[in-house]
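Protein chains: 2
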Amino acid sequence: MVPCTPRLLLSSKMPGSVVLRWFVFFWVSLGLRAAEPGSSEGEWRMAAKNYANTRFSDLSEINSANVNELKVKWTFSTGVNRGQEAAPLIIGDTMYVVTPYPNILYALDLKNNGAPKWKYEPKPEAAAQGVACCDVVNRGAFYDDGKIFYNTLDGNTLAIDAKTGKQIWKTKLGDIQKGETITMAPLVVKGKVLVGDSGGEFGVRGWLAALNADDGSLAWKAYSTGPDSEVLIGDKYKPFYDQEKGKDLGVSTWPPEHWKIGGGTVWGWVSYDPELNLIYYGTGNPGAWNPELRPGDNKFTAGIFAREPETGQARWFYQWSPHDLYDHDGINESVLVDLELEGKTRKVLLHAERNGYVYVMDRGTGEVISATPFVRITASKGVDLKTGRLIPNPEKEPHTGKVIRDISPVAAGAKDWQPCAWSPRTKLLYIPHQNLAMDYEGVEAGYIAGTPYLGVNVKMYAGPGGNRGEFCAWDPIKKEKAWELKEKFPVWSGALATAGDVVFYGTMEGWFKAVDAKSGQELWKFKTGSGIIGQPVTYSGPDGKQYVAVLSGVGGWAGAIVAGGLDPRDPTAALGFVGAMKDLPQATTKGGDLYVFGL
Amino acid sequence: MVPCTPRLLLSSKMPGSVVLRWFVFFWVSLGLRAAEPGSSEGEWRMAAKNYANTRFSDLSEINSANVNELKVKWTFSTGVNRGQEAAPLIIGDTMYVVTPYPNILYALDLKNNGAPKWKYEPKPEAAAQGVACCDVVNRGAFYDDGKIFYNTLDGNTLAIDAKTGKQIWKTKLGDIQKGETITMAPLVVKGKVLVGDSGGEFGVRGWLAALNADDGSLAWKAYSTGPDSEVLIGDKYKPFYDQEKGKDLGVSTWPPEHWKIGGGTVWGWVSYDPELNLIYYGTGNPGAWNPELRPGDNKFTAGIFAREPETGQARWFYQWSPHDLYDHDGINESVLVDLELEGKTRKVLLHAERNGYVYVMDRGTGEVISATPFVRITASKGVDLKTGRLIPNPEKEPHTGKVIRDISPVAAGAKDWQPCAWSPRTKLLYIPHQNLAMDYEGVEAGYIAGTPYLGVNVKMYAGPGGNRGEFCAWDPIKKEKAWELKEKFPVWSGALATAGDVVFYGTMEGWFKAVDAKSGQELWKFKTGSGIIGQPVTYSGPDGKQYVAVLSGVGGWAGAIVAGGLDPRDPTAALGFVGAMKDLPQATTKGGDLYVFGL
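Quick mapping for you: the protein sequence lines, in order, are chains A and B. When you read off a place in the first sequence, starting at 1, and then add 169, the result is the number in our numbering. When you read off a place in the second sequence, starting at 1, and then add 169, the result is the number in our numbering.
Treat the hints loosely; a few may be bogus.
Identical copies carry no separate label here, and so any pair may be met within one copy or between two of them.
Result set (DSS-like, lysine-lysine): computed pairs, CA atoms no more than 27 Å apart in a straight line [said to hold, decoys possible]:
(1) K332 - K316
(2) K416 - K648
(3) K280 - K240
(4) K714 - K550
(5) K655 - K286
(6) K335 - K751
(7) K571 - K407
FYI, nobody ran anything at the bench for these hints, they're computed from the structure.
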């Protein structure tokens, strides 16, 4: 194990200002990188590696010079052949893996080639499978203070004893009768387990809840729509832009009563800045998809909240896509870094948004410093940095009964849930994403609780060039790509960056790839059994050696055609994604295996 | 590829007798090793590698000196998490893999890391799953003349175009309404596709059928019970022992009409000797298990037939277990080799039988040359070589209403279906097998078509020493073990031997192991995702390098507790096997992946 020790040796020769600058640097770095309690750099205690969501590991035994010698060390079958989106966790000599529904939690012995130590079977309600919009995925667990926290598809949050596998508590948060499921990986901050719901396609009302880690009791719950009292907007709420200001915008920006079924679910990533003591998370699309059914800005959907973890009180909000036209959930991860911008160090968040822009925002205020397209965009014409508003392209605005062609980004976004990695060494953001376009037709939709509530027909297809996926390195200072790699299918896996200057990601055909963090050059690849949509992680094993682990098993929204055995003749299946993935069943098969690689 | 070229260079210096001897040797070797049409040594065209069922490959790039460097080259998920008992086939640059029910056939591109070329989905009747006694396994396919032949669980035999994946013909042979399924790998001899049925636990009547390879029409069908006309016993039938002689023994050795539901199913292995032009195969247990329900020898169950492939006419029969008391199916493979015995070269078959003896038989006549215990046996006291009869131990004879304890071998036998390998270099037979004992109680049983027909309560448990599995090397000349390896669980995988003097097998925990063919020393192992019950194979890839492949995915009778999710609290579940495997669910998980290894 590599303990997280200070890298700074104070020297008497250093002038005071240098010492001070180093001290501040160290303090900030520590806060952002390793604030998770008790963690060591060789462990992986949360899906995103750290509160800053960098998915960067200081381990460097595996590096760009030797990664071509990487070998499979052992494998483990999860026994569940559905989309494997989870990140394995590594704590001490144990690895924890959560499966898709039925959400089995395994503890694997790293001293014994992954032999199971125990398994916990929560037996979630089977009906949850029918409610999940897009495969029955789970994005992982969180370790804190001897407990594994994770969510089950049927809307429960669990605390499991990490040593014994016994359930400590279980709290029901979601209601599958209303179409509410839970797929996200929780984040634990200051003893609060942060959990949000899925189901924006079912007219669910979104929320983020905080449960007390000790007993699972509810500490607070912040809705994404509705009156300020329920959105937890109070005196401390100071948004940067005028568009986010006003009383009860979560009600007034909707047709009457519509906010109650207005979406804004919270199924993505939560970041935390211990210094500012703020959590950051995005809200999902407004419901129904058909925008004509819900005139107005539809606050607080398709945006990002900064909140205090203890109380849930909002500090600011910013709406990526006011009155979202295309199912552009705002739930993608926000990566917290400090950047030198125009001579000043700024505490920013980097956010590759579903609407196609990389946002660089001041994470203290919610100011958009820049918003730059990282893909081809036809749906909008930029972001007005004065007002903060996305500038829609009227030609691509959906209307009921009319087919609008070549909309980009598609409903699944320029990038969906699949998380980026950030390397402080290269100062590049590694973005797994898609290159798709869609035709979109608004249709009538009525709301019936627990059933799909869309009001559109969607057909997605490959964007220009024909490659449906890309993996790129984004320079947020230069506001341009450093390099990009084209992939046949959407890159639906997470990214991992390491101090060995290697970046890892997987493809939907099943390749697990290592590329040079600086140049993007492919250094190594291995063909796993099924398509990869999981989150690669790296850790230091009980033998002190570095390993890389990833789950293989295609599925998720993009891979639902394989995981769910959908009919390729219906391009509108899986909310329109099947049209773009007709040939995936020829390229890969269902699976559910963990692969562990080492030198 | 290594073409199968004659190894003999005729030299003018050789004396005539030497030339003659070499010629005979070559002719015999060719006949036994490579009679499958058009095959090359680098291919693997049938589950057992060759008609002789040796599972020996002449490839030696991977050998005892370098096997410790073996690495996973690629993997492929079958998408089906049930017991994977099939052997992959390799023809040219394509690998063919059959899954358990729903029996999908994949063609994988060896030039492209196993990317699927095509898949064929036969969609067998779902009800077949409920009829299969012990998981929904399939043991593999056969390649001949551009076609892949294989069977589906619901009783169909298929011919598929090896290039295109299109169905050429489909013939229904089994009837799941009666409890008949098909799990075995067919053997094609002289244009006849040989297929037998499964379902001895359902009162099925056993048979071996021969279908014409061109169109799937029935050439002949030989029942295991009933009148000679249906057993295909005629003028050519010359058994060695008196006990096998007489008219219509398939009727007269049963209570009236019982032969119609008497079992003797043919779900194991078929061998073929092109020189003698005889096929060899075993027959399953008589039904019901409870022997008091069926007084008599119960011909022709629990024995071995030699037949002519063109007509099916029987040439001899030998009954391993007359009036079988313990579900001792006789279906294990017969390995055809030529042995020097007491100064004479004899054409023998080696057969590690479920009843615990290794039989060395003259394959021309059906004479038992020797029958030696390869495990601890309490159920019988040897084989009388004069009469050919097994000598039962009266103390262990089952009686209705009485529990008989410590019977060995158990119902699953000393060894079940899992096939041995033979190395002509070491002259050792490598036997994967179990070390179990059982308690057995006869109970009343009535016959209802399509439902289990047992009449016993069985509980299996570990034999002396506590290790439930063993892998041994048997010397059929010395009639003793050369070495043995103990395993925690039954060794339910096949064996593979190579000219590199390495033997491969898998464990139910998921280890794939390479051991020294001479000493049994463990040389290498790799932890696959799930328990291994498949048949390892080796081949020469398109790059000319040697590879080893095996399917991982626990199940089968021994692993049904995991594959079928059975309740470990009922030791009589899975026909009594669950009692012996209660801890398997802690050791492994369901799976279904192909692993390909190379240097």
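Hints versus structure:
In this homomeric assembly, K332 and K316 come within 27 Å of each other (Cα to Cα) only inside a single copy, at 8 Å, whereas the closest approach across copies is 53 Å. In this assembly of identical chains, the alpha carbons of K416 and K648 never lie at most 27 Å apart, being 35 Å within a copy and 92 Å across copies at closest. Taking identical chains as interchangeable, the C-alpha atoms of K280 and K240 lie at most 27 Å apart whether they share a chain (18 Å) or sit on different chains (20 Å). With identical chains, the CA atoms of K714 and K550 are never at most 27 Å apart, being 49 Å at best within one copy and 55 Å at best between copies.
With identical chains, the CA atoms of K655 and K286 are at most 27 Å apart between copies only, with a shortest distance of 23 Å across copies and 40 Å within one. In the homo-oligomer, the alpha carbons of K335 and K751 lie at most 27 Å apart only across protomers (20 Å), although the nearest pairing inside one protomer, at 43 Å, exceeds that limit. With identical chains, the CA atoms of K571 and K407 are never at most 27 Å apart, being 40 Å at best within one copy and 83 Å at best between copies.
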